[in-house]
Amino acid sequence: MSNIINQLEAEQMNREVPDFGPGDTVVVQVKVKEGNRERLQAFEGVVIAKRNRGLNSAFTVRKISHGEGVERVFQTYSPAVAEIKVKRRGDVRRAKLYYLRERRGKAARIKEKLVAGSAAARAEKKASAKKAVSAAPAADDLTRIEGIGPKIAGLLNDAGFNGFADLAAADPEKIREILAEAGGSYASHDPETWPKQAEMARDGKWDELKTWQDELDGGREKA
Numbered sequence: 008m009s010n011i012i013n014q015l016e017a018e019q020m021n022r023e024v025p026d027f028g029p030g031d032t033v034v035v036q037v038k039v040k041e042g043n044r045e046r047l048q049a050f051e052g053v054v055i056a057k058r059n060r061g062l063n064s065a066f067t068v069r070k071i072s073h074g075e076g077v078e079r080v081f082q083t084y085s086p087a088v089a090e091i092k093v094k095r096r097g098d099v100r101r102a103k104l105y106y107l108r109e110r111r112g113k114a115a116r117i118k119e120k121l122v123a124g125s126a127a128a129r130a131e132k133k134a135s136a137k138k139a140v141s142a143a144p145a146a147d148d149l150t151r152i153e154g155i156g157p158k159i160a161g162l163l164n165d166a167g168f169n170g171f172a173d174l175a176a177a178d179p180e181k182i183r184e185i186l187a188e189a190g191g192s193y194a195s196h197d198p199e200t201w202p203k204q205a206e207m208a209r210d211g212k213w214d215e216l217k218t219w220q221d222e223l224d225g226g227r228e229k230a
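All the letters of the sequence shown, read from the start, carry residue numbers 8 to 230 under my numbering.
Hints are all accurate, no fakes.
Derived Cβ-Cβ restraints for the label pairs, each shown as a range: (1) E109 - S64: 24 to 30 Å; (2) L62 - R110: 29 to 35 Å; (3) D26 - D210: 26 to 32 Å; (4) V37 - D210: 40 to 46 Å; (5) K229 - Q82: 17 to 23 Å; (6) N169 - D26: 35 to 41 Å; (7) A187 - R95: 38 to 44 Å.
Using 20 Å as the maximum straight-line C-alpha spacing, the simulated SDA-like pairs for lysine to any residue come out as follows: (8) K181 - N169; (9) K120 - R96; (10) K181 - E199; (11) K217 - F27; (12) K212 - P202; (13) K120 - E51; (14) K57 - R79; (15) K118 - V93; (16) K118 - R101; (17) K120 - R101.
No wet-lab data here; the hints were simulated from the structure.
Every residue, glycine too, gets a C-beta built ideally from N, C-alpha and C.
Starting from the given sequences, assemble the full structure and let the hints guide the process.
What follows is the structure in structure tokens.
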């Protein structure tokens, strides 16, 4: 019986799927039935999360429609998904981009990942290097820590946590007190993993951090 199931799963996963990840802009062609007719409906947006679990693989796409955020979760190998096209590569370091839900306008845009070796990439690199020489060092972006959105990042900045090093040395209980004093929904956040995430970010262990964040749920350890 297990062999039959494995065979069916293998056949369903035989469809070619492009390589894409969080931050990439994709166009998903979905099969829609209307009576006896079938048509394709395109859903274009940014991938904010992706789960690789064989036949149970899935990804979440977010777009802005009439000023409102719209999200859809697609099963990667679902028969209802006719095609997945990567329209634009996003340059991100996080495995999940749920923080985009709290951003609007330009703040919600993701920098495009340039292809190494291209003229555009070389020009971008040169411009960035020149800017780095003249500009003062920017503060660490605390929203790279899973579980921290722009509002909480601002709250932590006001409390004196201006960089990954500050957050890495923090006691989770102290952070809980700050969130509790802010009231509202802030107190519902669990900062237990934030110092450890910040430590990895401070040390430049981005690949290791991304792998761990992929295992977290909103910045929390899964039960």
